[in-house]
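Participant: Sequence:
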Amino acid sequence: MDFSNLISYLSSNKISETLLPFRNVFFLFSLFFFIIILSLFLKTSWKKYAFLEDVVHFFFFRPYGIKKFTKSWQKIAKKLRSGDESEYKLAIIEADETLNDILEKVGYSGETLEEKIDKVSLVVISNKEEILKVHKVRNSIVYNPNYKVELEEAKKLLEIYRKALTDLGML
Numbered sequence: 033m034d035f036s037n038l039i040s041y042l043s044s045n046k047i048s049e050t051l052l053p054f055r056n057v058f059f060l061f062s063l064f065f066f067i068i069i070l071s072l073f074l075k076t077s078w079k080k081y082a083f084l085e086d087v088v089h090f091f092f093f094r095p096y097g098i099k100k101f102t103k104s105w106q107k108i109a110k111k112l113r114s115g116d117e118s119e120y121k122l123a124i125i126e127a128d129e130t131l132n133d134i135l136e137k138v139g140y141s142g143e144t145l146e147e148k149i150d151k152v153s154l155v156v157i158s159n160k161e162e163i164l165k166v167h168k169v170r171n172s173i174v175y176n177p178n179y180k181v182e183l184e185e186a187k188k189l190l191e192i193y194r195k196a197l198t199d200l201g202m203l
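Using our numbering, the letters of the sequence shown correspond one by one to residues 33 to 203.
Quick caveat, the hints were computed from the structure, so don't treat them as lab data.
Be careful, since some hints might not be right.
Said to hold, decoys possible - In silico DSSO-like links for lysine-lysine, alpha-carbon gap of 27 Å or less:
1. Lys110 - Lys100
2. Lys111 - Lys99
3. Lys107 - Lys180
4. Lys160 - Lys188
5. Lys195 - Lys165
As the list claims (entries may be wrong) - Using C-beta positions, here's what the derived DEER-type ranges look like:
6. Asn171 - Val138: 18 to 28 Å
7. Asp133 - Leu63: 36 to 46 Å
8. Ser114 - Ser71: 42 to 52 Å
9. Gly142 - Tyr175: 13 to 23 Å
10. Val156 - Leu60: 45 to 55 Å
Quick reminder that beta carbons are idealized off the backbone N, C-alpha and C, glycines included.
Start from the sequences and build out the full structure, keeping to the hints where you can.
Facilitator: Right, here's the structure in full:
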């Protein structure tokens, strides 16, 4: 069988009639899988996040999800007005966790905050050394329940965290 005979056989009505049931079955399979993919895509939250992130960046020039961190920071600052040393300690711990979460979301990987801070450039966070010192104070608070924190010290420590969060564009 030469090439021209093969072409004429493949373009004949006989083969079209023979393959029609297969074509219909494969069309139904394709339609079924397309509907499943479309329904799964509509149910996922990824598209919402990806779309909203772009829209928020475009219109407001601020990162998507910044309101969550702003509210978190307001709660931290409120703890300083309580007049209770345990609230001061909790505010410092939460500020440290907030910075750690933001660094992770921005894309800095590492097991600890120190590892993440080491990967950050001074251009991104201008007070890296202060953050590392404040993190050591945070560790002292966590591992030593007798560690004392006065209001003025807590304000200074939280100001260092606030500066770093502002450098990252989250406040």
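Participant: Hint by hint, note whether the structure agrees.
Facilitator: Evaluated hints:
Our distance criterion of 27 Å between C-alpha atoms is met by Lys110 and Lys100, whose separation comes to about 15 Å. A hinted pair counts as satisfied when its Cα atoms are at most 27 Å apart, and Lys111 with Lys99 qualifies at roughly 19 Å. For the hint pairing Lys107 with Lys180, the CA-to-CA distance comes to about 21 Å; that is within 27 Å, so the pair holds. Taking the CA atoms of Lys160 and Lys188, the gap is near 15 Å; set against the 27 Å cutoff, the hint holds.
Only pairs whose Cα atoms come within 27 Å are accepted, and Lys195 paired with Lys165 is accepted, the gap being roughly 14 Å. A hinted range of 18 to 28 Å for the beta carbons of Asn171 and Val138 is consistent with their spacing of about 22 Å. Under the hint 36 to 46 Å, the C-beta atoms of Asp133 and Leu63, about 43 Å apart, fit the expected range. Checking the proposed 42 to 52 Å range against Ser114 and Ser71 shows it holds: the Cβ atoms sit about 49 Å from each other.
Distance hint check for Gly142 and Tyr175: the Cβ-Cβ separation is about 20 Å, which falls inside the suggested range of 13 to 23 Å. For the pair Val156 and Leu60, the beta carbons lie near 54 Å from each other, so the given range of 45 to 55 Å is met.
In this structure, every one of the numbered hints holds.
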